[in-house]
Each structure stands twice: as C-alpha cells, then as structure tokens.
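Colleague: Sequence:
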Amino acid sequence: MMTSSQEQVYDTPSGAAASLAASATAAASASAPATPIQASLNCGVVGNCAFSALIDQAGQVVWSCLPRFDGDPVFNRLLDDTENGSVWAIDIENYARSEQFYEPNTAVLRTRLYDTEGRGVEITDFAPRFLSRDRMFRPLMLIRRVRPLDHAVRIRVRLRPRYDWGKLAPQITQGSHHIRYVGPEQTLRLNTDVSLNYVLSETYFVLGGTANFLLGPDETLAGGIDETARIFEKETINYWRTYTRRLAVPLEWQDVVIRAAITLKLSLYEDTGAIIAAMTTSIPEAPGSSRNWDYRYCWLRDAFFVVRALNSLSEVGTMEEYLRWLTNIVARSKGGHIQPLYGIGLEEQLPESMLDHLPGYRGNGPVRVGNQAQEHFQHDVYGNIVLGAAQAFLDHRLFHRAGKAEFAALEAVGDQAFRLHAEPDAGMWELRTRARVHTSSMLMSWAACDRLAKVAHKLGLPDRADHWNSRAVLIRERLLREAWSEERQAFAESLGGRDLDASVLLMAEVNFIDPMDPRFIATVDALEASLCDGPYMRRYEAPDDFGKPETAFNICTFWRIDALARIGRKDEARKIFETMLMARNHLGLLSEDTHPVTGEMWGNFPQTYSMVGLINCAVRLSAPWDSAI
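Numbering (my numbering), first residue to last: 3 to 631.
Calculated from the structure, these hints are not laboratory results. Positions of the beta carbon are idealized from the N, C-alpha and C atoms, including for glycine. Be careful, since some hints might not be right.
Each computed EDC-like pair below joins lysine to aspartate or glutamate, with the alpha-carbon atoms no more than 16 Å apart [to be verified]:
#1 Lys169 - Glu187
#2 Lys577 - Glu530
#3 Lys460 - Glu408
#4 Lys336 - Glu317
#5 Lys336 - Glu408
#6 Lys572 - Glu254
#7 Lys550 - Asp535
#8 Lys406 - Asp465
#9 Lys577 - Asp535
#10 Lys460 - Glu413
#11 Lys456 - Asp397
#12 Lys550 - Asp501
#13 Lys460 - Glu479
#14 Lys572 - Asp527
#15 Lys336 - Glu413
#16 Lys550 - Glu432
#17 Lys460 - Asp397
#18 Lys577 - Glu254
#19 Lys169 - Glu254
#20 Lys456 - Glu413
#21 Lys169 - Asp358
#22 Lys456 - Glu408
#23 Lys236 - Glu105
#24 Lys336 - Asp417
The calculated label-pair distances, taken between Cβ atoms and stated as ranges, are [said to hold, decoys possible]:
#25 Ser178 - Trp627: 51 to 59 Å
#26 Leu482 - Asn86: 54 to 62 Å
#27 Leu482 - Glu187: 50 to 58 Å
Work out the full structure, taking the sequences as your base and the hints as a guide.
Modeller: Set out below in structure tokens:
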C-alpha cells in the first residue's frame, strides 16, 4: 500500500522486505566470507561528540548507540556476532582481504575491501562535525561513501538496525530516495543514491561510481545526496585537521599523540560537557571472567585525567566543556555527597541490570546496562573535582576564567574531602564487598586541599590559603605515616594494610611526594616484583569479588612508565612504552586491558584511561623540540 507521503511500508520480519532479503541472502551465500567474522576490538571509531560508531576491519558497523553514547545500540554486533546481531555491512563479492586507516589527523575512517582478483572498493565513514553559522554542527548522522578503486565491482548493503537492545526489528517504509527504519522510540532514515530495492533485498549490484549512504534522523535533506555527502566530508576533514594543527604535540610519537587526542575528544558529549569512560559496555576484562561493566557514563575520576592529558597538549576547549557539566554536579550536591559517576545528562540513577538475550562479546556474558558504582562512596572523587577545575583559575586563555564565586563553591567540595579523608570507601577500583581507608582516596583528599590552597593564594585570599594548606599538611603527614608498610617496604593500598596497589604511583603524578624519595623508589620496586607480568602491570594483588585479576590494566602500566621516568630509569620506561604501542590495534586505539600472554585487548573500548596514558608517557619521554631544530 502507499502512505499519504507516498512511502511504501514493509513490516519486518514477515513482510516483503524480509522475503527479498532472505532470497538474496541465499543466492549470494557463495560470495559471502567462508566463516562469519568474529567480534573483535580491531575496530575504528568515528563520531562527532554527539554519538559514535565502531567499524571493524571488514567495514561493518558493529556498535553504535543512539541517540547518545549511553542510548540503545541500534548496531550491536559487537555483543552478538550471531545472525541475530544488528549490523551495517558493505560486502564486496568474493571478499579476500581488507585494509583500514584514518585520513591523517582526522576522525574520518577509510576501509578498503579487495576481492580474490585484487579489485577493491573504499568505504569512507564519518560523522559530520564542523562550524556552521557560528555553531558546531554535529547531527546524529553516520555517512558512508563507497567508491570503486579501479574497476567496477559488485557489492551489497546489509543494513539491519534493531531497537530495544536487539529485541525489536523495525518497521520499514520506503520513499523515493530514502528508507525509514521505524521503532517505538526512534526512527532512522537512510538517504541514498543507489537502488532502494538493492538495499532492502540485500542484492549484489555493480558499483560503477561513488555511492552515498546517509543514516540519521527522520528528516528531509536540505540538499542533494551526493552534494551533501561530499561537502560534509570536506568540512569534517577540515575541522579535524584544524583541531590537530593546534595541538602542542611532543617531538616524538606525534601520530600516537594525535590519534589519542582525537579519540579523547570523541569521548566528549558536547551537549552537556560530560566525558564518557568508554564507548562500549560489557567487553570483559578477561575471557570468562564476568568482569563486564557498562562504561558509557561520566566518571569524575576518568574525566579529570582526560582533561589533564588534553591540557598538556594545550587543548583546553575540552576542559571548558567539561567544567560546564562539573559545575552542575557541584551545584546539585550543595556540599554533600557526590557520586563517582553520573549519566551524561546528569542522571543520578543508573540501575544495573543484565540482558540475558544477548550472548556478549565472543559469547562472554553477561551484558550489563547501568552501573552499580553509582551507589558507591568513593572519596577520591572530591579531589578529582578540584584537580579538574584548578586550571580554570590560572589559565589566561580561557573564555571564562574562574574567580572567587567559583572558588567558594569549590571550597564546599574541599570541605567534604577533608571530612571524609580518613573514612573507609570502595576505592578507585570500585570494590563491591570491601571497604577500607584507601591510600589513593586519601591522596586525592590531600590534592583537593593542596590545590585549594594554591588557588586561594592566586586569588589573593591569604586566610583561605593558610586554612587549606594546614589541612593538606595534616592529611599528608598521616598518609605518609600510616600508608607505609615496613613489611613490604612500600606504600600499601590502605592505611595500616600490607597489600599492594598500582594506584599509589599517583603520589608522584599529583606532586604529593618527591619521586626521588627513597620510599617512593622502594614502592616502585615492590610493585614491579608483585604486580608485573613482564612489561605489563596489574591493578592490585589481593583477590576481589571475582578472584585475582588476570589481565594487565593499561593505565597502571602507563603509571609505571611515568614513575620509572621520574626516578631516572628512562631507558626502561621507553622500552615498556614501545611495548604498549605494539599493544594498540592497527589504528592506534587501546581498550582497558591487555592480556600479558596473548597480547590481546580486553575490556571496554576505546578506553579513555588508556588513551590518556599514551599521551602522558609520550609527553614525558619525548626528546625536546629544541634537540632537533
């Protein structure tokens, strides 16, 4: 039948579109890869600070949540690599191999697929992002442009979005040059200049020139399909090249740092200023471990480290965006409890549940939505807030520098840090069944008081500077005394404890202790003996709710690299850093964890903590520019 808007309607999976797709799939089975491609973190990420998508080496969109980072994964193949998984694939007939790379210094991804005769196509994937009418244009639109490399080839399009975490197939309607995928909560529209019948039936067809696919909101395009795609691609490339050109990169490892900076920028939800910890949920920290968590939210700890890393490259725009979000968190708390994480729209309630209908990454369930850590008391959060905001009082480049009014609000956070600095908490690793007075939490409470003293001095408030400095001295003296373990000859993970934890390495990074202090050097030695598997470092040695960690936590390895450089073992630090560079995927991206035996990536992806480590270590280890020019 025809609708009032002259659209043809198909109900899936029992309607005409599904019948066409089934017959096409059967006819083309000889041209498909011999075995399904296993889910992998060898993916690229594209995005525009509103949403993102992960694209694997075969050019398949295997993960994308809409309408925002923590939304419904309309493409969920990463967590369901069966035929039930939702995916957007561009297949070349008689597929043989692929190659994948970013357009230099951009978030525009190119994937080349080749057939058995060496003929190929190039898929260009990006999410538009550029200035338009003095505002940042960042629509919820994924654009795919496909062109033959030399000769005409046959391709097919398998566009199979699903809703409600893969439970619902959309109703499909067809217009003159678009297809609508209608769900109960959102509708996606594909605008394309290829045959809609070929897309709906998943039929192989001859690609003689560039084909354009624009998947986004259910809105009419203002211009032509090809023209819109070409202009958006050009403007997006220009935006990212301008962004990277302004980065103050180190002399060495420039491409590493640029890719990490772009990835961190893509983790910003610009509408509110929140920074997500990772773009995925439930990628396990190790196979069969059940350590599967949802990281699509804003942890104040992780966000601080992102801001700190980008600031070191003179990229302060992300900090300004984040401070908008952080200001709302601080105002809401009214000097009271602050959660370790919130939703990217300031949501406090993120109830954790499990989805049994999804098999999980490579069958490693469970798949979790939400995160119980919202209920935790993690006292390092107050220090992370102050540390994240401190530069805003000192940096003359900012559009809106912080002043005495903002300082007064921040003092309320400092009061909470001091009040709780010696109280047990879940710690930065979010232990669910064990509370202690964690060294890392007390360390960040000290940092809150110390930075408030420095800011007060800068603002010309000597009484407040003395007040906060006295509190910082009190915390520091107790921490040095009670966190030190004579038995282990190291700073332990908790006051009066004996277990070791890599987080104590942050003592040097936040300037709590001189790295050449014999106690810090001894701590580095003890951690290496207890927590390291060759170049890799685990988080802690004591068993937790799930036993002992199996994989290395990448940020801990980077903390070790930083500590080694600070204590004069720079050659060792460089060697370990080079090993971590090899742990990245083919596009320079890292997940949360690295398996010390297989070298394989595990944990949520791409992990901001890990990308931060790449930047911090490159900046610390690089030869200075004036050594070469």
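Colleague: A separate judgement is required for each hint: does it hold in the structure or not?
Modeller: The hints, checked one at a time:
1. Lys169 - Glu187: holds, 13 Å
2. Lys577 - Glu530: Holds: Lys577 and Glu530 sit about 15 Å apart, inside 16 Å.
3. Lys460 - Glu408: Roughly 13 Å between the alpha carbons, so the hint for Lys460 and Glu408 holds.
4. Lys336 - Glu317: violated, 30 Å
5. Lys336 - Glu408: This hinted pair holds, its Cα atoms lying about 13 Å apart.
6. Lys572 - Glu254: holds, 15 Å
7. Lys550 - Asp535: holds, 14 Å
8. Lys406 - Asp465: Holds: Lys406 and Asp465 sit about 14 Å apart, inside 16 Å.
9. Lys577 - Asp535: Status holds; Cα separation ~15 Å.
10. Lys460 - Glu413: holds, 15 Å
11. Lys456 - Asp397: OK: Lys456 and Asp397 at ~14 Å, within 16 Å.
12. Lys550 - Asp501: OK: Lys550 and Asp501 at ~13 Å, within 16 Å.
13. Lys460 - Glu479: It is violated: about 25 Å lies between the C-alpha atoms, which goes past 16 Å.
14. Lys572 - Asp527: Cα-Cα ~15 Å, so holds.
15. Lys336 - Glu413: Holds. Lys336 to Glu413 sits at ~11 Å (cutoff 16 Å).
16. Lys550 - Glu432: holds, 15 Å
17. Lys460 - Asp397: This hinted pair holds, its Cα atoms lying about 11 Å apart.
18. Lys577 - Glu254: OK: Lys577 and Glu254 at ~14 Å, within 16 Å.
19. Lys169 - Glu254: Given that 16 Å is the threshold and the Cα spacing comes to 48 Å, the pair is violated.
20. Lys456 - Glu413: holds, 12 Å
21. Lys169 - Asp358: Status holds; Cα separation ~11 Å.
22. Lys456 - Glu408: holds, 14 Å
23. Lys236 - Glu105: holds, 11 Å
24. Lys336 - Asp417: holds, 11 Å
25. Ser178 - Trp627: 51 to 59 Å: holds, 56 Å
26. Leu482 - Asn86: 54 to 62 Å: For Leu482 and Asn86 the Cβ distance comes to about 56 Å; the hint holds.
27. Leu482 - Glu187: 50 to 58 Å: Since the Cβ atoms of Leu482 and Glu187 sit about 54 Å apart, the hinted range of 50 to 58 Å holds.
Hint compliance for this structure: hints 4, 13, 19 are broken, all remaining hints hold.
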